[in-house]
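Peer 1: Letter by letter, the chains look like this.
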Amino acid sequence: MPIEKSDLLQGTLDMLILKIVALGPVHGYGISLRIRQISKEVLQVQQGSLYPALHRLEKRGWLASEWGESEKGRQAKFYKLSAKGRKQLASEESNWKRLAGAVVNILQTAE
Amino acid sequence: MAWRKSFFPKRASNEQMDSELRFHIEEVTEENIASGMTPEEARRRAILEFGGPEQIKEDLRDVYRVRIVESTIANLKSAFRFVRKSPSFSVTVILTLALAIGANSAVFSAIDAVLLKPLPFPEGDQLMRIEQRHLKGSNPTTAVAPVRLEDWNRMNSTFQAMTGYYSENGSESSGALPEKVTRAWVGPRFFQVWGVAPATGRGFSPEEETFGGPAVVVISDRFWRRRFNADPDAIGKALRVDGHLFAIVGVMPVSFFFTDRDVDLWAPVPANSPEAQGRDATWYQAIGRLKPSVTIEQARANLATVQAQLGEQFPKTDKELTVGIEPLKETTIASARRSLWMLFGSVSLLLLIACTNIVALLLARATQRQHEISVRLSLGATRGAIVAQLLTETFVLALLGAMLGLLAANGASGVFRSLASSLPRVEEIRLDARIVLYSMACSVVVTLLCGLIPALRGTRRNLSGALGQVSRTQVSARNPLQWLLVGVQVALALTLLAGAGLLVRSFRELGRVAPGFDASHILTLQVSMSWAESADFKNVRQRTDRILDALRAVPGVEGAALSVGVPGVPFKYETEFKLAEGRAETEPKIVAENRLISASYFATLGIPMLAGETCRDNEGPLTVVVNRTFADTYFAGSSAIGHHLVASNFGFSGPAEIRGIAGDARETGLDRLPAPTVYFCAPNAEPGSYFLVKTRNAPMSVAESLRGKMHEAEPMRSVFDISPLEQHYSDALAENRLRTILLSFFAVTAVSLACVGLYGTLSYAVNVRRREVGLRLALGALRAQIVKQFLLQGLAISLLGCAAGWLLAAAFTRVLAGMLYGVSPTDVVTLISVILLVMIVAAIASLFPAMRAARVDPMQVLRDE
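Protein chains in written order, with my numbering: chain A, 53 to 163; chain B, 383 to 1247.
Note that these hints are calculated values from the structure, not bench results. Careful, some of the hints might be misleading.
[Stated by the list, open to error] List time: in silico DSS-like cross-link candidates among lysine-lysine, alpha-carbon distance up to 30 Å:
#, chain 1, residue 1, chain 2, residue 2
1, A, K111, B, K459
2, A, K132, A, K71
3, B, K960, B, K698
4, A, K132, B, K439
5, B, K698, B, K499
6, B, K562, B, K920
7, B, K439, A, K111
8, B, K562, B, K1091
9, B, K439, A, K92
10, A, K111, A, K124
11, B, K971, B, K698
12, A, K149, A, K136
13, A, K132, A, K92
14, A, K124, B, K439
15, A, K136, B, K439
16, A, K71, B, K562
17, A, K124, A, K92
Since the structure is predicted, the reported quantities are computational estimates derived from the model, not experimental observations.
For reference, chain A alone in the conformation it holds in the complex (with noise of 0.2 Å):
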């Protein structure tokens, strides 16, 4: 079953988005392509989610966007991520692993 934003935890989008981008310039429709394909369909953002979160982490000064030619030659607006958006992604990444351990450890002791 796909999960959705609202069920994502707070903060998890930006986090989401950030790594994507750290991949390589892209827009949003090619965001929310990766991560529905990279999730294996597990996770699906919602359009009305993700321009707001582009449009947030870009005025906050993590992403960096210029106006480029698709691979089908349409007009479409590229992100990509600055080096103030690198370290963020680089702290959330690993805060989120140690919160990740951290459940996993009680879930398998819980067993």
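Guided by the hints, dock chain B onto chain A, whose structure is given.
Peer 2: For chain B alone, kept in the frame of chain A given last:
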């Protein structure tokens, strides 16, 4: 590609949003077509899935909206929560600020009322004091002749109007007992110049300002309430003042007290009355109201021209005169200016200390909250938002402090009134919107001063590092900024304490002064009389003798004397003298204080006669006594006795023989060295003359019998201003006492705050280094070593603070130079004792945290690890 990555990203335009979202929909549509839908169906599904582009656009716009109001409210809410959650911290900060802002607002309320606000008259800044100055006389400023005032008023082009006044004490006898009243005789245009009309009734009509017209008075609000119980029918009633009837035509508003706050009645002096025609008459204090937008320089130039014309017209009387013009406000408040600014400076230093103290508290606090802050940062809060929230917290504390401080300041106007009733305009000091505004401004400044550094430092940390850190393992005990703050507090406190120490010593020196006379059993009093009566010398002398005899006849009275002023209370009456015997041109001019007294003055006050004998009261040629300083200054090496003095600007002329030399007495003020003085035996009581009575017991014990006896002897006169001589000194020192008490209070507060700061910072350091101390104890360190180490740390920083404070104090005490008596502003004894005091207090403040450090239980600490 030129990636747009600016600090302030440009807000996406509506079209850009549209085209970004459209691109997404088109991509999804193609995806759907690829999975086998018809183009129409594919597009419909894509839009459906998208869920309303307009709604998304609105959300996007929201991202760029800065929600000032919402975020401010949220910040305020969280700030109040913070205040409630940490009550002891909040109470400390609020009380510190309440004290500092309250004291600051109180002193500012005095400065505002006394120095800054215009006088309480319409266009008060147009009012000028106008003086007649004599180019060559040693007593250059004299009162103005009525005719000359009329000339000035007629011939000038810069004043709307000029007027003059003088006051005297009269006896009002329309009631059962004669009552002393203070009556101001006023020139034409009096109320017009002030711009104040009577609250009830009217001012003077032209007819009443003409010689021979009806005799009328306007009464003060105070007199109206006292005498007529605020009865509106008082208008038209008659008063009998010194035997003459006057009809009441008006009552002035309560706020009008000029010439001074004691005036009961104002009565017109007709410009054309025969007595007012002499160009030599010295009657009036003159004031004038400038025309709008005329500058004081223009007025001065204008009046100089006018007086030059008069000088040509009346060479004999007017040639050597000039006109002085000063703002009335300046001449009213001049004495208080320095004291008040000095106090304001001190109280601002106090506020600075309080702020420094709070910065240290907030820094310690920010360290404790580091974890909270880094969590918020990692959750995506911007640094600006967190700084804004921390500042809001500080602001809420400052605002609460300011509000509490205002309550304190409200009570302070009463303090000013009781401590310094002689302060000019003291009755105008009160809390108003300006003071509230000032306090609010103070709290904003405090917020920025106190809050900014801790907020910026608190949010500066590398967040990923801080998140992993647990406060227990922190070892950043050496925080140089916190120790710097403690040093600054000590330095500022020392500065204030040094100033206070000097003022206190100076005040004590004043109390120890040997004035040259015995003030302890002297009662002073005045008897009502008018200037008109003083024209007949013979009569005046007889009356004065009669009064002195009556006073001497009262049981318990050992002596009575007359004096033109109160000995020891500032009063200057300098006169230039010539010697009848002649004097070499090369010798310096003889200038001396001039005192009119009765021969009994010396015996009554216990001033010894060093040579010769006292002067004589009897009629005939005048005789004088000079003081030792006069004899030493002008007759060094020869005897002064037997010479004859001629006063240059003095009512009664003729050479006066020097009969004796008296001991030096501090006639012109207890804080001033005796000036050369000439005592004239001229027992002619005038308005304002004092009778001095030597009593056997406490001075006030004979007051009632004196009053009774005087009523028998002079039933038409009233006796007033009965008070012990020492009371006058206490009044004369009021301003001195005010600044001494206030500065001492500020200094003690400052030192207490600095100690709290030292204590707090050291306690914090001990807390942070508990683990280290525990380890060292476990490894065999002695407890005494631990105590010593922390104690020395506290003392070292205090010592550095004292060294810096020494330099500051050198600058600050220079401001005090003119306010000190008998102690130099660089007095080493004061400075060293102040430093010792600060060091002792600092040692005590350091000892407690140091002892606590030594009590750390090593086992406990090791177990915690």
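Peer 1: Now look at each hint and say whether the structure bears it out.
Peer 2: Structure-based check of each hint:
no.: 1; hint: A:K111 with B:K459; verdict: holds (26 Å)
no.: 2; hint: A:K132 with A:K71; verdict: holds (11 Å)
no.: 3; hint: B:K960 with B:K698; verdict: holds (21 Å)
no.: 4; hint: A:K132 with B:K439; verdict: holds (21 Å)
no.: 5; hint: B:K698 with B:K499; verdict: violated (43 Å)
no.: 6; hint: B:K562 with B:K920; verdict: holds (24 Å)
no.: 7; hint: B:K439 with A:K111; verdict: holds (15 Å)
no.: 8; hint: B:K562 with B:K1091; verdict: holds (16 Å)
no.: 9; hint: B:K439 with A:K92; verdict: holds (29 Å)
no.: 10; hint: A:K111 with A:K124; verdict: holds (28 Å)
no.: 11; hint: B:K971 with B:K698; verdict: holds (24 Å)
no.: 12; hint: A:K149 with A:K136; verdict: holds (20 Å)
no.: 13; hint: A:K132 with A:K92; verdict: holds (24 Å)
no.: 14; hint: A:K124 with B:K439; verdict: holds (25 Å)
no.: 15; hint: A:K136 with B:K439; verdict: holds (26 Å)
no.: 16; hint: A:K71 with B:K562; verdict: violated (96 Å)
no.: 17; hint: A:K124 with A:K92; verdict: holds (25 Å)
Checked against the numbered hints listed earlier, the structure breaks hints 5 and 16; every other hint is satisfied.
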